[in-house]
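Colleague: Dock chain to chain to rebuild the complex, using the hints, since each chain is given by itself in its own frame.
Chains as they are written, first to last, in this note's numbering: chain V, 2 to 111; chain G, 807 to 940.
Hints in this document: simulated from the structure, not taken from any laboratory.
Note that this is a predicted model, so its numbers are computed, not measured.
Using N, Cα and C, we set each Cβ at its ideal position, and we do this for glycine too.
Not the full set, but computed from the structure, chain V residues with beta-carbon under 8 Å of chain G:
#  : residue
1  : Ile7
2  : Arg35
3  : Val36
4  : Ala37
5  : Leu40
6  : Met49
7  : Met51
8  : Val52
9  : Ala58
10 : Asp68
11 : Cys70
12 : Tyr88
Okay, derived cross-link-like pairs now, BS3-like style, lysine-lysine, Cα gap no bigger than 27 Å in a straight line:
#  : chain 1 : residue 1 : chain 2 : residue 2
13 : V       : Lys32     : G       : Lys840
14 : V       : Lys86     : G       : Lys840
15 : V       : Lys32     : V       : Lys86
Chain by chain, the residues run as shown.
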Amino acid sequence: MEKEMIYHPLFILVLVVLSFMLLVCLIRAVKGPRVADRLMAVNMMGTMVMVMISVLALLFQESYLVDICLIYAMISFLSVVVISKVYIGIYEEQHHNQEHVEGGNTDERS
Amino acid sequence: MSAVDWIRLVIGSLFVLAGIVIFFTELYGVFHFKYVLNRMHAAAMGDTLGISACLIGLMIFSGLNFTTLKMFLVIVFLWFASPVSSHVLSRLEAATNDNLAAHCEIYEDVEVLDRELIAAKADKNSEEKEASAL
Numbered sequence: 002m003e004k005e006m007i008y009h010p011l012f013i014l015v016l017v018v019l020s021f022m023l024l025v026c027l028i029r030a031v032k033g034p035r036v037a038d039r040l041m042a043v044n045m046m047g048t049m050v051m052v053m054i055s056v057l058a059l060l061f062q063e064s065y066l067v068d069i070c071l072i073y074a075m076i077s078f079l080s081v082v083v084i085s086k087v088y089i090g091i092y093e094e095q096h097h098n099q100e101h102v103e104g105g106n107t108d109e110r111s
Numbered sequence: 807m808s809a810v811d812w813i814r815l816v817i818g819s820l821f822v823l824a825g826i827v828i829f830f831t832e833l834y835g836v837f838h839f840k841y842v843l844n845r846m847h848a849a850a851m852g853d854t855l856g857i858s859a860c861l862i863g864l865m866i867f868s869g870l871n872f873t874t875l876k877m878f879l880v881i882v883f884l885w886f887a888s889p890v891s892s893h894v895l896s897r898l899e900a901a902t903n904d905n906l907a908a909h910c911e912i913y914e915d916v917e918v919l920d921r922e923l924i925a926a927k928a929d930k931n932s933e934e935k936e937a938s939a940l
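Excised from the complex, chain G in its bound form (with noise of 0.2 Å):
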């Protein structure tokens, strides 16, 4: 094996560990978080993440050819795909509890959330000033 294998098999195998170590904390944050609107927080980052750290360091090993490609097309897919299919479940369960409003905050109106998110911006700016004012 040639110098460049080398540094092609380090390099490689730091991106799998990665990927690995973010499958890890996936899983801590699954089995950590006690309600899904939130265990899906940890979900998703193992989906786009966690894969394309995977991938990237298969891809390395790979070298230069189709399989490449490919892999890159599977990282891409889900790059589109997984917060679509994040959306979709957290709106299936937004649908389906009955009683949401235990586990979090809900508006009925979206123009109170806005006024309110308004207001904190506007708290925030003044408090910026204030400070590089002293």
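This is chain V alone, in the form it adopts within the complex (with noise of 0.2 Å):
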């Protein structure tokens, strides 16, 4: 019982101070001028709700918990990968597009 009366509190305002941080981390992620600002603030919020997670887990004394948080660990580190490569597909079909519109206008002038 003694022991539960020390780690309730412990846990609790580390999970308080956490959130705080995952807020500050949320506006940079909206503020961050370009994608990879962006990204890398999500990929950072995704560090911090892992711990968070862990965290609960020995809460709770469910260990299940922490199964969660290594796939979550992986499903945030697939995400940057995909979205990184798509988002690089986009931008070079767009130039490419650019290019070629470019390209015609300067046939019908000439």
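Modeller: This is how it looks when you write it as structure tokens:
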């Protein structure tokens, strides 16, 4: 009983501090001038959420929450890689289209 | 609570506190730097060092069981995944930024960079030799 009296307030303090940091990360994700800024902020938020899930696992004494943490790590890594690749593809496609349109215009002028 | 429990509580709290301080440093760095490639340096620190410190503290709290093993797996996975995601993000930035040269020095040819690095190394070596001779 005495052990819980000490651990519970400690875990709740850690959770509160981490949630404030999460909000600050969200500000960076909204403000970020470039796409890479936003992706980086989302990655940081993922890291903090992983710590929060692990703290919750110890707070509720539920071991399966750490499994969720592991899967969260994998999905957040996968999402960063996939979104970066997709965005590079979209950017190159737009660039290619612009060059094509500009080329068409010069042809009409001549 | 026995003495061992108190020691575990203190050491674990120190680790968790260190992790939170590292997260705070990460946030400060992300708002302090002006460009993504600089910010990434601060952000990658929290991904590996911050979460390792926090989870090692939690591992000390939980003792020897399967929860500890899973937390260790999370740390090991992030050590592999975080550099890769940072690399992919910086490639995204380098591929989509049209005036990258305004923010950093660009070498079109890697051999030029190699030559400059070798020259800088030679300079440093000669300076060290002079210093030791003096």
